[in-house]
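With chain A fixed as given, assemble chain G onto it according to the hints.
Number of protein chains: 2
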Amino acid sequence: MSSMIKIAVDAMGGDNSPKKIVDGIIHHQKYNKNIFYKIFGDKDKIQNLIDSKINFKNFEIVNTLNKVSNEDSPLEGAKRGKDTSMWLAIESVKNKDCDIVISAGNTGALLVISKLNLNMIENIDKPALSALWPNKKGMSVVLDLGANIECSSKNLFDFSIMGASLYKSLYPLEIPNVALLNIGSEALKGNELMNGDVNVIISDGFTGNVALKTAEGTASFITSELKKALGGNLIGKISSLLNISNLKKFKKRLDPRLYNGAIFIGLDSPVVKSHGGTDFIGFSNSLDVCCRIIKGNLIEEIKRNI
Amino acid sequence: MSSMIKIAVDAMGGDNSPKKIVDGIIHHQKYNKNIFYKIFGDKDKIQNLIDSKINFKNFEIVNTLNKVSNEDSPLEGAKRGKDTSMWLAIESVKNKDCDIVISAGNTGALLVISKLNLNMIENIDKPALSALWPNKKGMSVVLDLGANIECSSKNLFDFSIMGASLYKSLYPLEIPNVALLNIGSEALKGNELMNGDVNVIISDGFTGNVALKTAEGTASFITSELKKALGGNLIGKISSLLNISNLKKFKKRLDPRLYNGAIFIGLDSPVVKSHGGTDFIGFSNSLDVCCRIIKGNLIEEIKRNI
Numbered sequence: 000m001s002s003m004i005k006i007a008v009d010a011m012g013g014d015n016s017p018k019k020i021v022d023g024i025i026h027h028q029k030y031n032k033n034i035f036y037k038i039f040g041d042k043d044k045i046q047n048l049i050d051s052k053i054n055f056k057n058f059e060i061v062n063t064l065n066k067v068s069n070e071d072s073p074l075e076g077a078k079r080g081k082d083t084s085m086w087l088a089i090e091s092v093k094n095k096d097c098d099i100v101i102s103a104g105n106t107g108a109l110l111v112i113s114k115l116n117l118n119m120i121e122n123i124d125k126p127a128l129s130a131l132w133p134n135k136k137g138m139s140v141v142l143d144l145g146a147n148i149e150c151s152s153k154n155l156f157d158f159s160i161m162g163a164s165l166y167k168s169l170y171p172l173e174i175p176n177v178a179l180l181n182i183g184s185e186a187l188k189g190n191e192l193m194n195g196d197v198n199v200i201i202s203d204g205f206t207g208n209v210a211l212k213t214a215e216g217t218a219s220f221i222t223s224e225l226k227k228a229l230g231g232n233l234i235g236k237i238s239s240l241l242n243i244s245n246l247k248k249f250k251k252r253l254d255p256r257l258y259n260g261a262i263f264i265g266l267d268s269p270v271v272k273s274h275g276g277t278d279f280i281g282f283s284n285s286l287d288v289c290c291r292i293i294k295g296n297l298i299e300e301i302k303r304n305i
Numbered sequence: 000m001s002s003m004i005k006i007a008v009d010a011m012g013g014d015n016s017p018k019k020i021v022d023g024i025i026h027h028q029k030y031n032k033n034i035f036y037k038i039f040g041d042k043d044k045i046q047n048l049i050d051s052k053i054n055f056k057n058f059e060i061v062n063t064l065n066k067v068s069n070e071d072s073p074l075e076g077a078k079r080g081k082d083t084s085m086w087l088a089i090e091s092v093k094n095k096d097c098d099i100v101i102s103a104g105n106t107g108a109l110l111v112i113s114k115l116n117l118n119m120i121e122n123i124d125k126p127a128l129s130a131l132w133p134n135k136k137g138m139s140v141v142l143d144l145g146a147n148i149e150c151s152s153k154n155l156f157d158f159s160i161m162g163a164s165l166y167k168s169l170y171p172l173e174i175p176n177v178a179l180l181n182i183g184s185e186a187l188k189g190n191e192l193m194n195g196d197v198n199v200i201i202s203d204g205f206t207g208n209v210a211l212k213t214a215e216g217t218a219s220f221i222t223s224e225l226k227k228a229l230g231g232n233l234i235g236k237i238s239s240l241l242n243i244s245n246l247k248k249f250k251k252r253l254d255p256r257l258y259n260g261a262i263f264i265g266l267d268s269p270v271v272k273s274h275g276g277t278d279f280i281g282f283s284n285s286l287d288v289c290c291r292i293i294k295g296n297l298i299e300e301i302k303r304n305i
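Top line first, the protein sequences correspond to chains A and G. If you're matching positions, the first sequence starts at 0 in numbering that gives the first Met the number 0 and goes up one per residue. If you're matching positions, the second sequence starts at 0 in numbering that gives the first Met the number 0 and goes up one per residue.
Watch out, some of these pointers could steer you wrong.
A pair counts as met if it fits within one copy or between any two copies, since identical chains are not told apart.
[As the list claims (entries may be wrong)] For lysine-lysine, the following PhoX-like pairs were computed, each having C-alpha atoms within a straight-line distance of at most 25 Å: (1) K227 <-> K136; (2) K247 <-> K227; (3) K125 <-> K42; (4) K226 <-> K236; (5) K32 <-> K236; (6) K42 <-> K294; (7) K114 <-> K153; (8) K52 <-> K227.
Just so you know, these hints were derived from the structure itself, not from any lab.
Here chain A stands alone, though its shape is the one from the complex (with noise of 0.2 Å):
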């Protein structure tokens, strides 16, 4: 079972949860065989989710009944005791009795624990949270999110180094290419965010948030008027019928389960963050990007750049 990758996973975090989170499992155990789930929450529930539709020796549940609420600011989710689930999720991974740590619960909290719990990668100052995003070409990293409001350039260096490493793990065969964004002519402008001819993009939080939040936002108005010229009248209907297969393509690109799963890097122990309001399957690709930082070996190679 050694050589199995071993994740340790909040079950009581995010919307719809445990059920949310245990069908993520089973549905990612399914293409995933050398994987072992140690799960944290409420026993009963999870067992009972679970039935036995996962082999008994690729998990385990530690019982507890605490947890952190979604509503909790991250001091006070960090005082609800150190055996809520995220807590001993956090735990686990300090104790080095599992590699890498997933929650779909309350970012703030998730990201002070992790911070108590866990030292930093030598020679980092700050951790940064960075997720995953469409371009033209591919995929980019980006980061920070918004784990840092204020950023030294020492920062934005290591966040560079840290984004390069992570690209690396996620995508072996790639060359990781790092802008910084910003809005003077000479370093990568917001418009140029994804056109993919870069594939590391560092900001500090702040502005990493923004601009999270407004593509975000952009997607979610340009969708909405597309549905709304589609769907229209009898014809946008007809044709949109006609042209299922092809608009099913696009909304599939534009999914943002696929990009789901927040990488907060700089600690010892990746810790991933996956969005709170994801389904199941959203939840099981933020599993799979745990496998893929575990098996590209993110914090050696964080460890070696830096």
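Relative to chain A, chain G alone:
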């Protein structure tokens, strides 16, 4: 002629000038009868392009061969002298000869030359660059988009008054609803930018510029993915053809020419910046923005509210 709106037009800025500019004026005056265009630039070229398509009572050409280049730094642009088409156009507003000035030229130079020539509105510390964005319910005014990288809370407060006044002058029947673009849970987050619950969005220039460029980049990414999906095979092409009127409606809603015309506010005369890359339709739309600002008494509105 005193009840006419007088627009000072820099004819030499942006791509494909002065042809685009003159064609824009010709197009604009077809639907707007009570406007006088004072046009600054190469008189021979401009007169040739106008031919007899504009009533001689509605325009005048001020000849100058000197102009600001797109490649100039803001200061280089200003140093080209007081006889560039841009400088002379701004000066005509300073001298109260015209009501408003518009240019499709170098943005930085336009801001600097405007600041050199025009006074600030009393009690406003910094001017801001604002633009119109579509949202799910209509349009929003967004500022600052890059004129001020660092802003104090007083600046942001000024922007909110100027933004609300601008909104009111453009949409006299609507009620301005102001929010600060931020990343916390209290203020407006980027993903709510375009849902239409607020229509005046305030930000420092760095953040606003990142948001603007990110929105542009995201829109470009999504429409290119949509084109790929719809044009990828025969069925896609046929159904798109069938659905052409709906797709055109969608395209029109996202047409950047509709939103052309950034407004530099805080000076005692409004300065309008057309996108350099737009065509004559886009330039005509920004002439329309000029008219609505003057009819809506923007500067008086700001002075009354400050």
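So, going through the hints one by one against the coordinates:
In the homo-oligomer, the alpha carbons of K227 and K136 lie at most 25 Å apart only across protomers (13 Å), although the nearest pairing inside one protomer, at 28 Å, exceeds that limit. For the identical chains of this complex, K247 and K227 are neighbours both inside a copy (16 Å) and across copies (12 Å), given an alpha-carbon limit of 25 Å. Taking CA atoms no more than 25 Å apart as the test, K125 paired with K42 passes in neither setting, with 35 Å inside one copy and 60 Å between copies. For the identical chains of this complex, K226 and K236 are neighbours both inside a copy (10 Å) and across copies (18 Å), given an alpha-carbon limit of 25 Å.
In this assembly of identical chains, the alpha carbons of K32 and K236 never lie at most 25 Å apart, being 42 Å within a copy and 42 Å across copies at closest. Taking the closest pair of Cα atoms, K42 and K294 never come within 25 Å of each other, the shortest separation being 29 Å inside a single copy and 68 Å across copies. For the homomeric pair K114 and K153, the shortest alpha-carbon distance inside one copy (19 Å) is at most 25 Å, but the shortest distance between copies (36 Å) is not. With identical chains, the CA atoms of K52 and K227 are never at most 25 Å apart, being 41 Å at best within one copy and 39 Å at best between copies.
Violated hints, listed in ascending order, are 3, 5, 6 and 8; each of the other numbered hints is respected by the structure.
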